[in-house]
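Number of protein chains: 2
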Amino acid sequence: MQDHVTPRRVVILGGGFAGLFAARALRHSPVAVTVVDRQAHHLFQPLLYQCSSGILSEGQIAQPLRKVLRRHHNVDCVLADATDVDVKAQLVHARRPDGGTLELPYDDLIVAVGMRQSYFGHDEFAAYAPGMKTLDDALDIRRRIYRAFEMAETAEDDDERRRWLTFALVGGGPTGVELAGQIREIAGHTLDREFRTIDAEAARVLLFEGSDEVLGAFGPALARRAARTLRSLGVELHMGTIVTDVDADGVSVRDRNGAVSRFAARTVLWTAGVEAPPIAGALARATGVEQDRAGRIPVEPDLTLAGHPEIRVTGDVMSLNRLPGLAEVAMQSGAYAGRALRHAVEGRTKRPKPFKYRDLGSAAYICRGRAVVKVGRLHLSGVLGWFVWLFIHLAFLTGFRSRLGAVLSWAVTFATSSRRERAFLSSKGGPPPGAGESR
Amino acid sequence: MQDHVTPRRVVILGGGFAGLFAARALRHSPVAVTVVDRQAHHLFQPLLYQCSSGILSEGQIAQPLRKVLRRHHNVDCVLADATDVDVKAQLVHARRPDGGTLELPYDDLIVAVGMRQSYFGHDEFAAYAPGMKTLDDALDIRRRIYRAFEMAETAEDDDERRRWLTFALVGGGPTGVELAGQIREIAGHTLDREFRTIDAEAARVLLFEGSDEVLGAFGPALARRAARTLRSLGVELHMGTIVTDVDADGVSVRDRNGAVSRFAARTVLWTAGVEAPPIAGALARATGVEQDRAGRIPVEPDLTLAGHPEIRVTGDVMSLNRLPGLAEVAMQSGAYAGRALRHAVEGRTKRPKPFKYRDLGSAAYICRGRAVVKVGRLHLSGVLGWFVWLFIHLAFLTGFRSRLGAVLSWAVTFATSSRRERAFLSSKGGPPPGAGESR
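Residue numbers (our numbering), protein chains in the order written: chain A, 1 to 439; chain B, 440 to 878.
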């Protein structure tokens, strides 16, 4: 890198898995990288539910982006929310937390903004049923879970007590399943002998899922086993049901036959769907590409935008061959985009091979000693699945200290059911309802 | 304890050091204890500043009250805010977090509600200058400290950059001194080589104190040494100054000669004073006792209220012989009140000996390897003081796991300056400005 030449400017929107892996792939390239994120931390999202359930602290799953990238001397991090892209002027417009604006010129743009929680057009549900995408969400959910038991203890009558002891989870994907397992474990083990009036163990956990199975992505055999494990934990599964209304008192659901029922529950958590953040729409309008139904942006086989070889889209917000929104896809697509850009900078003229996702498998934790894992044709569940889950998450968790901390926290929680991070804030701790989050 | 006799009902207001030690002293008494607190956790307040500075997590300094008291089978915990005391009917009125009300009848009342931050009649300062009394406060301050450096990095001009890199601390007691040391350490060590535009090390920390010295309670010799250590850390001490105004841009101060100056600072933290929460005023009105200037309640030598032998006042909110608001005073007075009550229940008719505070010493941490400690006539500072500080805090921190966790966190932070808990929330995370906190 020669000092007297202005290096090629690369702007990466988003510091999640895709953005981080893209920045890392550019480490030894003579480019000036700017990572823009509305959070100052990189979040290890697959363990966010353990932060909300009191096993891990915020710092164990979220590290400052600029600390993670400290030794990448060509990378700067900017805490701002990208609001628009001017593709003609090659300029990203962003808003700082204090309302000030920034203009970030780029020669190359890597979009890795992720997806946010979707309420399928019912953003008014958000006030009653937080999603699980950010640290703010996780602390909000932690507060709701533990406070519900406190409120039940001093409830005025049995009806009210039952409402506080009923937890409704919307969505039967990994996050919904993990949360369901966590709440049943908290009720049955963590809170053991702490309450004088209520029987915490009697807490009901209802899981609503529109399809016929939980963890459908893991295939029918593992889905069946997951359902069995959940039922044995005491989770009440309501398959084939659509949630039609959410308020402070509970949820209304409609089943396949159109029958509507009402479930009283003071705590409702939402993990049912995702949608692209507004910046994806802005980019689509600026480039003329058409987003898919959830707002994802279709890309060419090399992850560039049609007609815009200088713009690459990676991670959850990328639409390509119906790839799922998994951490692994985000890492691989981010690394691919960074590498492709590095090759271009190095002057390689050969067209890069199309991006190909290598499915290394997926895993979902259900409860202590129970997880389901799918690696190619290998399907694991139960204790063996759980060990593999443990290994995978340790391998990918960022930083040695986080790994050590997580192992210690898991060891104590698995041995004693005690959870260290149960203290919750008085205030909501989450963003105002309906506020967009583009992680 | 006979089942067919209704046990004597003891209500303890507050689950801080005083309330916790009172409940513990009643463990083997045939009484029914109810601990009422507006937080569900017991907070180890002396380390709160380490939570705000990113060394410790919330769970390392705050444990669920009902978990701490789990094996005290005669204790129940209630998450509610005591709003009034009906001393004739012997009834505490309280408000649950959802707005519902509770009535708690008592035979004996132990008041241990602590003190909250005081802005000396300027509650409007709270929005710009959070205090440091609760977990919400600590996370709010964590966000303000780390976000300030992020904002400086993308500031529009040098003036704005300087404002973001200036931290004004109001109050030169232990909390103010500890925070000043923490911010200088973060600037000079923790953030080392993470920023590309700003020089984090150049961050200014201004400490404003109305008296002539910091840590005045430690005596002139230690106060001088503390001031020297702070100056060598780069903290700018402004002694003999009163803060007259606080807004989003900084503080206005007046010195002894009446000269007014203005300091631009985007981050202002307030540790200058305390006042009693509203429930103390309600109790004073109900019993006819007169609060002191800060709202503390004067007590008899046995900690009862004049004319109300069934009401005992303990901890920071108790006014007796000008005892300072220290954790140690709270622990001893709470334990005394619990013991006196136990003796009364056991039918001892002998008047208890007056409460006598045994000064076991006090300690304040300044920075890595530097603390001041005063134990009777023994005055320590520097590394030796720091070792004694370490020992004291480990001895008193509640729970084995918290101790182990704190030792590990301290070891890493002291060795590498790295702080694990740097992730901050997007939202304020604190209570709305002016909202009362009575911990």
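Simulated from the structure, these hints should not be mistaken for lab results.
There's no promise every hint is true.
Facing chain A, a subset of chain B residues (Cβ under 8 Å, in silico) [what the hints assert, rightly or not]:
| # | residue |
| --- | --- |
| 1 | 448 |
| 2 | 497 |
| 3 | 506 |
| 4 | 509 |
| 5 | 515 |
| 6 | 517 |
| 7 | 574 |
| 8 | 593 |
| 9 | 596 |
| 10 | 633 |
| 11 | 634 |
| 12 | 850 |
| 13 | 851 |
| 14 | 862 |
| 15 | 866 |
Backbone N, C-alpha and C define an ideal beta-carbon position, used for all residues, glycine too.
Sort out which numbered hints this structure fails and list those numbers smallest first.
Hint check: 1, 9 and 12 fail, others pass.
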